[in-house]
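**Student:** Listed below, chain by chain, are the residues.
2 protein chains.
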Amino acid sequence: MGDHRWHSSGVPAPLRTPYAVVDVDVLDRNVVAMAASARARGLDLRPHAKTHKCAEIARRQLASGAVGLTVATAGEAEAMADAGCADLFVAYPLWVDADRGARLRELADRVALRVGVESVEGAEALARHAGPVDVVVEVDSGHHRTGVAPEDSGAVAVAAARAGLRVRGVFTFPGHGYGPGSAPRAASDELAALGLAAAVVRAAGVEIDVVSGGSTPTAPLTSGELTEMRPGVYVVNDAQQWELGTCGPDAIAFTVAASVVSRRPGRVVLDAGSKALGADRPDWTTGSGRLLDVAGARIVALSEHHATVTWPDGEPPALGAVLRVVPNHVCAAVNLVDELVVTSGGDVVDRWAVAARGANS
Amino acid sequence: MGDHRWHSSGVPAPLRTPYAVVDVDVLDRNVVAMAASARARGLDLRPHAKTHKCAEIARRQLASGAVGLTVATAGEAEAMADAGCADLFVAYPLWVDADRGARLRELADRVALRVGVESVEGAEALARHAGPVDVVVEVDSGHHRTGVAPEDSGAVAVAAARAGLRVRGVFTFPGHGYGPGSAPRAASDELAALGLAAAVVRAAGVEIDVVSGGSTPTAPLTSGELTEMRPGVYVVNDAQQWELGTCGPDAIAFTVAASVVSRRPGRVVLDAGSKALGADRPDWTTGSGRLLDVAGARIVALSEHHATVTWPDGEPPALGAVLRVVPNHVCAAVNLVDELVVTSGGDVVDRWAVAARGANS
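Protein sequences, first through last, are from chains A and B.
Sequential numbering from 12 applies to the first sequence in the working numbering.
Sequential numbering from 12 applies to the second sequence in the working numbering.
In short, the hints are calculated from the structure, not lab data.
Heads up, the beta-carbon is just placed ideally off N, CA and C, and yes, glycines get one too.
Heads up, none of these hints are tricks.
Residues from chain B shown here face chain A by an in silico Cβ test under 7 Å; the list is partial: (1) Arg27; (2) Thr28; (3) Trp106; (4) Thr157; (5) Ser273; (6) Lys286; (7) Asp291; (8) His316; (9) Asn346; (10) Asn371.
Using the sequences and the hints given, assemble the complete structure.
**Tutor:** Next comes the structure, spelled out in structure tokens:
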């Protein structure tokens, strides 16, 4: 993995395991590939910034042709506006009180802003506290989290318009594509739900121009009948995407550098636990994370400061060896650190702040 | 839950869900009860500060009679030394290089410091880079994470002494007590393993005075034949402890305040996801978290910014309602925030920094 020397004139803190690393060469390839793939289908690309929360990565996505960014919270929107993004979509049914309304109003005065809505009351509270902002109606396409049934999208759109909001379109998150072999069905559900919702909203007399979907697993399958897609994880990928087959290890740009602190036949324990990697472990994953350079290794137990890794054939590495860990869910892992160590060709070339870390509200 | 007014003369940022809350009245009861319980058995209490990472909570534990604190990393030790703790045990088999060695040396010059060791190479690296510090040999009592078999503790102790370290004793973490009905067996394993290890070390000619165990589930059962115990979670508790029966809801001092953002018959979605609660979900838990005030409610799905909560009998609360969420694992949840909002009798009375947030190395 090269050695992580700092080779600028600055004198940053020493690298201490566990620390988060982004390989900028892999990152840049992922950014360009997704932009080209969206362009080829005539889709606007609006990457979800919750994955990286980082101004430098956001700017790379925008420079490669993303039309804007997606965010999950008002705080993420503020951070990405500060990073220079002029077009933001809060794809979340925020509950808006006076404080959050004032923040959204201020954002809408700085950038092109859209906010998700999925209830009549939510739309009315947004209008009352934030004034006339653009909204997009959230539709449930099968993930069953938030979003109205497509048939009910017209009522929300009409109520939002009546409250003084500008209804731009419909959106969904096909999160039920996270599972082995699930992406084709989720992409098909997404297309059907958004198509129906758009027709229902238009039939209710509301003109719209945004039909927005997409996730990393479904991104290659997102139909050109939509107007935009919002994948997030693709920019650096993670062990879930590796196991779903959405990417290979060569497209994984984010790892956590961890030291071997304990060693037994067939296994090692690393100093990166759930406080460095996150604790996501869907049933279908083969462990709590993987090693980038040892395809057969698996994290079989994870506590706060320990990862127990089973080792495939051969001798496990020595105490003190530094390994590259791939977390299951990169969005959670990034949110645990204040800084990303940036490497190119194995050398440390920069450090980037995780500007929106913890910006959950 | 009262209303969270700030009633000092300061003007802090408004409270925005999701935010982390500590009920100081419940906290103080937990602190006093555990101190009394340890004292009654003649055990030194050395609470694990990884749970709270907070100077104000550490000081309360020390004021109530804790002999010192346990930490997991050099960074946590530095933060707790800064908080005024004069006696620290890094109960972790650190891999020590020149940088970490210098930090430990500096700590050992400020406070009474002990460090965990579980291998000959680890002890030698520690001695080489940190000089003569106190160490405690880690023993595996059945959790099978780190630690040597009790029979092998003598070899590590002798090697450590030969390297110039001062061997103080033996310790274990009976983490296999985390499971329904598992605590009695784990406490018994702990006693047997530590008893054997202490005998083996003494038989090898190394004089020791520390026999250290304990976890929150086993704390009521920790034998007075040990010299100290190191529970962490007890200070605020969490949904895991509630479900294990280690505490009732009246002893839960930590919650995350979250708003209802979506509502359907029988369920609500809250704006606190895994980025506010952590994603721990052991097989034996009934969900990804609970509500303090609604015993039948369960978080049945958790994504980064959404918790889907099934509602028992009756009408779910309105959009915008603020609920108190109990995360499964409080140590992970605290590590996600920079600040704890402190309440007493439902009123906000203070805000405490999570001084060691992210101090993983």
